[in-house]
Structure formats: C-alpha cells, structure tokens
Amino acid sequence: MSALRELGRRRYANLAIAALVLGIAAVFPLLFDPISGTVGDAIKALAFVVMALGLNVVVGFAGLLDLGYVAFYAFGALTVGWFASDHFSSVNAEAGIHLGVSEFISSLPGIHLNWLLIVVAAVIVTGIAGMLIGLPTLRLRGDYIAIVTLAFGEIIGRFAANGDQVKIGEYAFSNGRQAISPTDPIKLPFFQEFDQAFNIRPYYYVALALCAITLFVNFRLRDSRLGRAWVAIREDEVAAASMGVPLVKTKLLAYGIGAALGGIAGAFLGAYLNSVNGGQFQFGFSIFILAMVILGGLGSIWGVVIGAVVVSVINYYVIPDLLDRVATDLDLGFTVSQISFGVFGFLLVVMMVLRPEGILPERRRKLELSGEAGSADDALVEVRA
Amino acid sequence: MEAASIPARAVNTRSAGQLRDAFSKYGLIALLIAFPLHYAIVDLVERGTLAPIANNLVAGLSNGAIWALVALGYTLVYGIIELINFAHGEVFMIGSFVSFGLWGTFGLTLVTGPLGLVAGLLVTLVVAMIISGTLNVMIERVAYRPLRGAPKLAPLITAVGVSFILQNVGVLWLGGSQRGVPDLIRTQDTLIEIAGVTISRGDVLALGVTVPLVFLLTAFITRSRLGKAMRATAQDPEAARLMGISVDTTISLTFLLGGLLAGAAGLIYALYQTSIWYFQGFTAGLIAFTAAVMGGIGNLKGAVLGGFIIGIIQQISDARGEQQGILPPLGNQWTPAVVFAFLVIVMVFRPQGLIGEETREAG
Amino acid sequence: MRLRGSSAPEPAGADPAHPIEAREGHTAGQPANGSGPILAAEGVTKAFGGLLAVNDINFAVPPRSIVSLIGPNGAGKTTFFNMLTGLYKPTLGRITLLGRDVTGQRPDRITCMGVARTFQNIRLFPTMTAVENVMVGQHSRTKAGLAGAIVRPPRVRREERAAREKARELLAFVGLQERVFDEVSINMSYGDQRRLEIARALASDPKVLLLDEPTAGMNPNESARLTDFMRRLRDERGLAILLIEHDMKVVMEVSENITVLDHGEKIAEGLPHEVRSDERVIEAYLGKRG
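Protein chains in written order, with my numbering: chain A, 6 to 390; chain B, 6 to 368; chain C, 301 to 590.
Quick caveat, the hints were computed from the structure, so don't treat them as lab data. All of these numbers come straight from a predicted model, not from anything done at the bench. All the given hints hold, so there is nothing to weed out.
Only pairs whose alpha carbons sit at most 25 Å apart, straight line, appear in this in silico DSS-like list of lysine-lysine:
| # | chain 1 | residue 1 | chain 2 | residue 2 |
| --- | --- | --- | --- | --- |
| 1 | C | Lys-566 | C | Lys-389 |
| 2 | A | Lys-254 | B | Lys-157 |
| 3 | A | Lys-192 | A | Lys-49 |
| 4 | B | Lys-157 | A | Lys-371 |
| 5 | C | Lys-443 | A | Lys-254 |
| 6 | C | Lys-389 | B | Lys-30 |
| 7 | C | Lys-566 | C | Lys-549 |
| 8 | B | Lys-306 | B | Lys-233 |
| 9 | C | Lys-507 | C | Lys-466 |
| 10 | C | Lys-507 | C | Lys-443 |
| 11 | C | Lys-389 | C | Lys-507 |
| 12 | B | Lys-30 | B | Lys-306 |
| 13 | C | Lys-466 | C | Lys-443 |
| 14 | C | Lys-389 | A | Lys-254 |
Pair by pair, the computed Cβ-Cβ distance ranges are:
| # | chain 1 | residue 1 | chain 2 | residue 2 | range |
| --- | --- | --- | --- | --- | --- |
| 15 | A | Leu-121 | B | Leu-42 | 48 to 56 Å |
| 16 | A | Ser-342 | B | Thr-288 | 20 to 28 Å |
| 17 | C | Ala-462 | A | Gly-105 | 42 to 50 Å |
With the C-beta cut set under 10 Å, the calculated list includes, among others, these residues of chain A facing chain B:
| # | residue |
| --- | --- |
| 18 | Thr-142 |
| 19 | Ala-166 |
| 20 | Ser-345 |
By construction, the Cβ of each residue, glycine as well, lies at the ideal position given by its N, Cα and C atoms.
Given the sequences, and given the hints that come with them, work out the whole structure.
Spelled out as structure tokens, the structure:
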C-alpha cells in the first residue's frame with residue numbers, strides 16, 4: 006500500500022508544482038509594459054512549450070525520433086492562413102464566409118472563422134497529416150524513421166515556400182515567401198477581439214492556457230494504458246507486440262497527438278504573428294524544438310517545459326542581448342545571432358555527450374541511458390502490426 | 006561490404022504480400038526509368054530530338070559523380086557502425102570551402118597557365134581531402150565515440166548537432182549567401198559535341214576524379230590489410246575484436262576514408278558549380294544519403310550507382326522548369342522535394358535498396 | 301540431467317533416478333475430453349533465403365495439456381514459436397487456433413485470441429515496474445483509448461484500478477514477494493524476472509501458454525518448483541502449455557507429449573518414454589556414433 010500512497014503523493018506534488026508554475030507565469034506579464042517585447046518573446050516561448058510537449062509525446066514517450074516536426078507548425082499556421090484571412094478571396098461571390106468573428110472582419114472577403122474553430126480544424130488537419138506521415142515509417146527502424154520524417158518535413162516546407170506555384174483551382178497552397186497577411190486576430194467568445202497595438206497580454210494568457218491544457222494532456226497520457234503501451238514499444242517492440250499491443254495503432258496515435266499539439270501551437274502563432282510566411286518552415290525549426298526536448302530530458306514532462314523555456318531564453322535573450330554584446334565588445338567581427346543554430350547544435354552535442362538524460366531526467370531514461378537497460382533496437386523485420 | 010546477416014528472400018503465401026514484393030522489386034526500378042523516359046518522349050514529340058534529355062543525362066552523371074563520392078562516405082560509416090553520419094554533408098561543404106580558400110592562397114586565377122593550374126589543383130585536391138578526412142575523424146572522436154554504448158538515436162542527435170555547428174562555421178567563414186568561385190577550368194566549355202549532346206570540361210573533371218578514386222577505394226578495401234580489417238569489423242565487431250583487430254582504429258580509418266572522398270567531392274563541386282555556400286552540405290548530404298539508401302546502404306557499388314541515379318534525377322528536375330508532358334513544372338526550387346519523395350519511396354518500399362539483399366537475423 | 305546440444309555426455313533418459321511419471325488419461329495428442337486441439341500447425345514451413353529453418357511441421361496442442369518441443373540448438377524451435385505467435389509469417393502451411401485460421405495474423409491479434417508467450421532471453425520492459433509490466437500484458441483485455449486516457453472517466457478509473465489489482469494478484473500467483481511488486485524489472489533477480497515474464501504472459505488471459513526455455517539458468521530446486529507450477533496452471537486454470545526446454549528432467553516429468561525437431565524437421569513425436577528411446581532422437585543429440 007505504500008506504493009499507492011507514494012503515487013498519491015507524487016500526484017499532489019505534480020498539482021502543487023503545476024499550480025505554482027502557472028501562478029508565477031500568470032503574474033509575469035504584469036511586471037512589464039502591456040506591449041513589451043519581453044512579453045512578446047514570452048508568448049512565443051509558451052507556444053514553443055506546447056510544441057516541445059507535443060514532440061515529447063512522439064520522441065520521448067513513444068521513442069520515435071521525428072526530425073520533421075516543423076511540418077505540423079506549417080499545417081497549423083497554414084490553417085490560420087486559409088481560414089482566417091482573405092486568402093480565398095472570391096468565395097461566396099467575394100462576400101466571404103464568416104463564422105463567429107468581429108463586425109469589421111465580417112465585412113472582409115475570404116473565409117474567416119473564429120479562432121477556436123480554426124484550432125479544431127488545425128487539430129484535425131495536423132492529426133491526419135501526422136498519421137499519414139507516420140504510416141510509411143512504421144516498418145522502419147529508428148534512424149530510418151528520423152530520416153523519413155525529415156524528408157516529409159522538407160517536402161512540406163518546400164510546398165509552403167513555393168506554395169504560390171501550387172494551385173488548386175484558382176487558389177494557391179500558400180503565398181510562398183510573400184506570406185499570407187494579415188491574418189485575423191484571435192477573438193474568443195465573451196471577449197473583445199484582441200488588439201496587439203495596445204495590449205498583447207491576452208495573447209499571453211491564451212498561450213498559457215494552451216500550455217496548461219497540453220501539460221494536463223501529457224500527464225494524463227503518460228499515466229495511462231496508452232502511455233504504458235508507448236513505453237513498452239519504445240523499450241522492446243517485439244515483446245510489446247507479443248503482449249497484445251497493436252504497434253501500428255499505438256504508434257500512429259503518438260504521431261497524431263504530437264502533430265495535433267504542434268498544429269495547435271502553429272495555429273496560435275499564425276494568429277499572433279499576424280501573417281503566415283511560407284518560407285519559415287525549415288529543418289532548423291525542427292531541431293530548435295528537438296533541442297528543447299533533449300535539453301530538458303526526453304520523456305520528462307517538467308524537463309521539457311524547462312528545456313523549452315531555457316532554449317527560448319537563449320534564443321531571445323542570451324544570444325541577441327548578452328552574447329552579441331560580448332562579440333561586439335571583443336570586436337569579433339560577427340554577431341552570435343548569425344550563428345544561433347550553431348549554438349543550438351553545440352548544445353545538442355554537449356548535452357548528448359555529457360548529460361544525455363537532460364536537465365531534469367525522466368526516471369526511465371536515466372535507467373536506459375545508464376546502459377543497464379539497453380532498449381532492444383533489433384526489432385525483427387517481420388514484426389508487422 | 007555485406008551486412009552481417011543471413012539474406013532472406015521471404016516467399017509469401019498471400020497475394021497481397023506477393024504484390025507488395027513485386028512492387029518493391031520492380032516498382033522502384035520502373036519508377037526510376039519512367040522519370041527520364043517521360044521527358045525523353047516529351048522531347049521527341051515536342052522538339053523532335055532527344056538531345057535535351059541526353060544533355061540532362063550527361064550533366065546528371067557529372068552531378069552523380071559528386072553525390073557518389075559523398076554517398077560512399079555515408080555507406081562506409083553505416084556499414085561499420087550503423088550510424089547515419091548526419092554531419093557528412095558538412096564535411097563535404099568544408100572541402101569546398103578549403104579548396105576555395107587555397108586557390109586564393111595559391112593565387113590561382115582565370116589567367117593562371119595550364120601547368121600552374123594543374124599543379125595547383127592537385128595540391129588543393131590533396132589538402133582538401135586531408136582536411137576533410139581529418140575533420141571527419143575528429144567528429145567521430147568527439148561526438149560519436151563517447152556514445153557508442155548508448156541507444157542508437159543518441160549519436161544521430163549529436164550528428165545533427167555537429168552538422169549545425171559546421172554549417173555555422175561556414176557562415177562565419179564565407180557569409181550566409183552564395184559565394185562565386187572563379188571558374189578556373191572554364192567548366193562549361195565544350196570538349197566534345199555529338200548530335201547536340203555536349204560534354205563539357207566540367208563533366209570530364211567530375212568523372213575523371215571520381216572514377217579513379219572509387220577504384221582506389223575498392224582496391225584498398227579488398228586488398229589491403231586495413232581494408233580487410235574494415236570488412237571484418239563491419240560483419241562482426243565482436244569477432245573482429247577477438248581476432249586482434251583494433252575496432253577503434255578501424256572506425257577512425259572508415260571516417261578518414263569517407264572524409265577524404267567528401268573532400269574530393271567538395272573540390273569538384275566548387276569547380277563544377279562555380280558557386281558555394283554554407284548550406285550546400287545539408288542538401289548534398291540528404292541527396293547523397295538518398296543515393297546511399299537507394300543503392301543499398303553498406304554497399305559500395307550501390308552507393309556509386311545510387312549517386313549516378315540521383316544525379317540524373319536531380320539534373321532533370323533542375324532543368325525542367327516548365328510544364329512538360331504529364332508532370333508539373335519542376336525547376337531547382339522543387340528538386341529537393343523530388344529527391345526527398347524518392348527517398349521516402351525507397352525507404353518505404355525497398356529499404357534494402359536496389360542491390361541490397363533483405364537482411365535479418367535468423368530466428 | 302541437462303542436455304545442451306551435442307555436448308551432453310549421455311543420452312536422454314539414461315538417468316534412472318528420475319523415472320517418468322506415467323500419466324494415464326492424458327495420452328499423446330489425444331485430448332481427454334475428445335475435442336479438437338486448441339492450437340494446431342499443418343505443414344508449417346519457414347525459409348530464410350535458401351535456408352529451411354522449419355520444414356513441414358505438423359503439430360497440435362490439445363486443451364488442458366502440457367506438450368514439449370525439444371531438439372538441439374538451432375533445430376528451429378524458436379522460429380516455430382515465432383510463427384505460432386505471429387512474429388514470423390510461415391512461408392507455407394496453416395496455423396489454427398480453436399479451429400480458426402490465424403496464419404500470418406499480427407502478433408497482437410494472436411495474443412488477443414488467446415496465445416501468450418515468454419522469451420528465451422527474457423524480454424521484459426526493463427524500466428517498468430513488475431506491476432506495470434503485467435499491466436502491459438493486460439493491454440488486449442483493457443479498453444481505455446485516447447479520449448479515455450485524457451478525460452479519465454469513472455469507467456477508465458475502475459478499469460485502471462482493476463488492472464492494477466489483477467497485476468498484483470498475478471504477481472503473487474507466480475510467487476513473487478510483495479516487496480518487489482513496485483521494483484523496476486531490471487533490478488529484479490534473474491529468477492524473479494523469469495516469474496514476472498510468466499505473470500505478464502498470463503495477464504492476457506491466454507488459452508495457450510508458450511514457454512521458451514523457462515528453466516534456463518535455474519537450479520534444480522527452482523526447476524522443480526516451476527514444474528509444479530506448470531501443472532497447477534493446467535489443472536487450476538485449464539491452460540494448455542507448450543514448452544521449449546533443454547532440461548530433460550523437466551521435459552520428461554511434465555510433458556504429456558513430446559515433439560522433437562532437428563534441422564527444422566520433426567524427427568520424432570510421442571510419449572516421453574517413447575521419445576527417450578527413439579534412435580533418431582539420441583542420434584540428433586549426440587551425433588552419429590561410430
């Protein structure tokens with residue numbers, strides 16, 4: 006029975022940590038100007054937390070290394086570009102289609118849906134995209150999975166970047182590097198439409214709410230039948246299949262959930278950034294998010310949150326403010342911002358070599374990486390499931 | 006190098022399985038033939054000549070020679086330690102950069118006389134190869150060796166990290182955009198022309214460097230003591246260790262060989278494309294990796310074959326920027342997508358590659 | 301006495317200290333209640349490239365019985381197991397479970413239909429606790445899906461609690477001490493890991509249990525206990541057990557019927573004392589004499 010009590014204590018500990026962290030996070034923007042750049046960076050960082058937690062489901066829980074996570078950011082953001090802008094300008098005889106948007110937006114051509122509906126659409130679009138991308142990887146071994154997801158990420162990135170050349174009827178897939186802009190600001194029921202010109206705090210709180218929901222989903226999944234099945238597959242695919250875990254379905258669920266969370270964050274960023282630029286969905290972004298997961302600790306939920314915050318702080322503060330100043334003072338002749346991805350690459354290498362379990366390791370990973378519990382990678386080719 | 010398992014050609018009892026097998030065997034080959042064939046028909050019908058597609062093939066082979074050299078590096082390393090050396094493309098990029106830098110140092114320009122040019126290029130080739138080779142060995146030492154016992158994905162992640170570091174070294178070295186390289190050998194000058202098909206100086210250079218290097222490599226691996234040690238380690242590292250082969254040395258040697266070839270490829274690329282930049286390694290890496298997988302990873306002949314095939318696909322895609330036949334307009338902004346589509350198809354339907362055998366440990 | 305391949309010094313059954321228990325009423329291949337076999341293989345063949353790992357095997361597991369599969373190392377026993385459990389697809393032949401054709405079905409489907417197994421080299425989920433391992437074993441008998449996991453309605457809570465309880469019961473049933481229930485499986489002793497693997501297999505409520513060398517690494521005392529345990533499984537839980545085993549004492553004592561494989565072919569089948577005195581079997585184990 007001590008185990009049960011221990012479990013209970015852990016659950017309350019989690020709740021207490023969550024309440025504390027979210028409480029501090031809720032007060033944070035009040036310390037700054039309503040349109041402060043710091044709060045703006047924090048908003049993006051919160052969206053990255055959601056993405057990192059999504060990627061953590063795929064890589065950390067199910068052990069499928071996904072190097073093409075940027076694809077889901079792209080799909081999420083494009084959902085906003087399609088359904089909350091004048092992209093489809095001539096639908097409904099140029100009168101547009103409007104659902105739950107403000108009076109002004111209702112007068113614009115194109116499809117304009119309420120942001121919450123767009124989130125639902127993004128979840129559906131990215132969830133399906135995630136499973137479709139995952140499907141061909143299921144028979145492959147770990148390193149091949151990484152490359153195939155990378156290839157898909159690049160293909161989708163190419164489509165977004167050159168989307169102006171891809172026409173379906175009279176409409177382009179994206180506006181390519183011209184960006185679909187402006188996209189509608191977020192409007193929630195019972196609230197005024199958000200107006201970035203005066204106050205970006207509402208965006209901050211929406212992002213924080215998304216983080217809270219994502220955290221909840223992550224914890225619930227980890228401690229569930231599904232979560233156990235993921236660990237089982239990660240540690241020994243053959244044994245998992247032999248114990249009745251359907252490999253295809255279970256892996257696809259991981260891909261789908263990870264993708265959907267990426268899509269939600271993408272839909273948020275698409276609305277917050279006011280535009281969807283097809284040229285921004287590059288491999289580097291996948292690694293940016295992966296670095297958060299690795300740095301924090303694969304599979305460790307709080308670790309990944311810390312990782313996302315740390316990498317964001319490095320990206321928005323340490324590199325542009327601290328290191329660049331040092332570089333200028335030392336007269337190095339370059340800025341560190343130019344090589345920020347080199348910095349993240351360096352972080353990945355250093356972490357993997359010196360502390361592969363991450364800042365806040367998950368209990369299982371610690372065991373796995375200590376070499377005591379080598380995960381069985383030698384899955385039999387014929388294990389189809 | 007053959008993989009260390011028993012080849013298995015599973016005979017399936019079910020028709021679905023048979024269909025899949027048949028597709029996996031012939032579908033990829035059919036697809037690979039259909040792609041150039043389509044444009045050959047288009048050329049013949051629309052212009053009444055096969056010269057455009059023939060020129061695509063020639064240029065494709067030259068490109069392919071570069072990819073073959075890079076692909077050999079992937080295949081060698083994968084054959085020995087089953088690691089996708091993600092940073093390999095960047096080693097190739099550094100080869101280009103070193104060559105470019107040396108030409109500046111040696112003062113090689115467009116007006117350098119032929120003798121000076123040949124001597125200068127030979128020295129550059131040797132130095133670029135040695136620097137790339139050494140770099141590859143160092144990468145293994147620092148980023149992969151400490152993780153040899155770790156789960157397989159760990160070194161892959163560090164490989165990605167190293168790749169980013171080297172890219173940014175490239176950024177600091179020559180800036181963030183394309184950099185023109187003096188066209189030392191007047192690469193586009195036609196040497197031979199037959200029926201509208203031109204073979205340029207660049208084509209001769211690419212094949213003239215690649216072919217001897219591939220033969221040297223093959224001879225080294227099949228004949229020399231070290232090469233035999235490599236093959237033994239690839240088949241069974243534990244047994245090789247027991248036979249007194251130093252596994253560490255063998256692995257270092259493998260990375261050295263891969264790096265040497267990548268350095269040579271870097272030089273050819275700089276001369277042939279007359280433009281280099283920090284990001285070339287990322288694209289080249291993925292293209293060459295696709296080549297290695299297409300040929301059957303771990304298989305030297307396969308890597309060379311795959312390199313030429315991908316070179317041709319890439320050249321055709323680059324050159325066909327207009328709507329032709331039933332295919333949409335391609336052009337170089339779509340080439341990566343085309344190559345990656347082939348990568349996905351190969352990985353999904355024929356992960357063992359064109360000449361690789363399906364492998365598995367026997368039950 | 302143990303036989304391991306051809307290195308064994310004497311033929312099976314030459315040890316008079318362990319007479320075979322006669323089991324009247326459970327005669328070879330003939331189920332006592334007269335119904336058909338639970339699990340059957342007809343003409344099952346597996347080729348790896350040019351190598352025939354298993355060749356044209358006919359084999360049946362009657363209900364409520366313990367049958368064994370023996371043979372020298374590399375005889376194709378585990379390959380055969382892997383086909384029965386869906387890890388390999390037979391090149392030729394048919395496998396039926398309770399009369400239904402399950403040839404080439406996915407392993408998780410086969411587990412769901414009532415076949416569970418253990419592995420020759422223990423394959424537990426190393427970082428999971430004993431209880432969690434057994435809970436994974438119940439995967440095919442529980443339902444909670446994605447929505448259930450996130451929302452966690454009372455139905456899912458009940459299911460989770462029941463699964464946990466059942467896991468603890470099974471762990472106790474296979475004889476594990478309560479203090480190791482929440483121990484991570486790699487930290488458990490070898491014998492405990494073996495037991496845990498059986499508990500995990502039992503968690504899917506199988507009709508047939510396939511044990512791949514369960515006594516490997518056990519001392520005679522532990523082996524004897526396991527033998528008793530197998531009988532209990534058959535008698536109390538009505539299970540059929542298919543056993544791959546090298547320990548001839550265990551095999552001869554517990555099996556109602558024995559099938560001998562060598563080089564992928566069935567070379568003998570019958571009651572323990574028949575198999576023990578079979579010329580071809582002795583030859584397979586010891587090599588041709590003279």
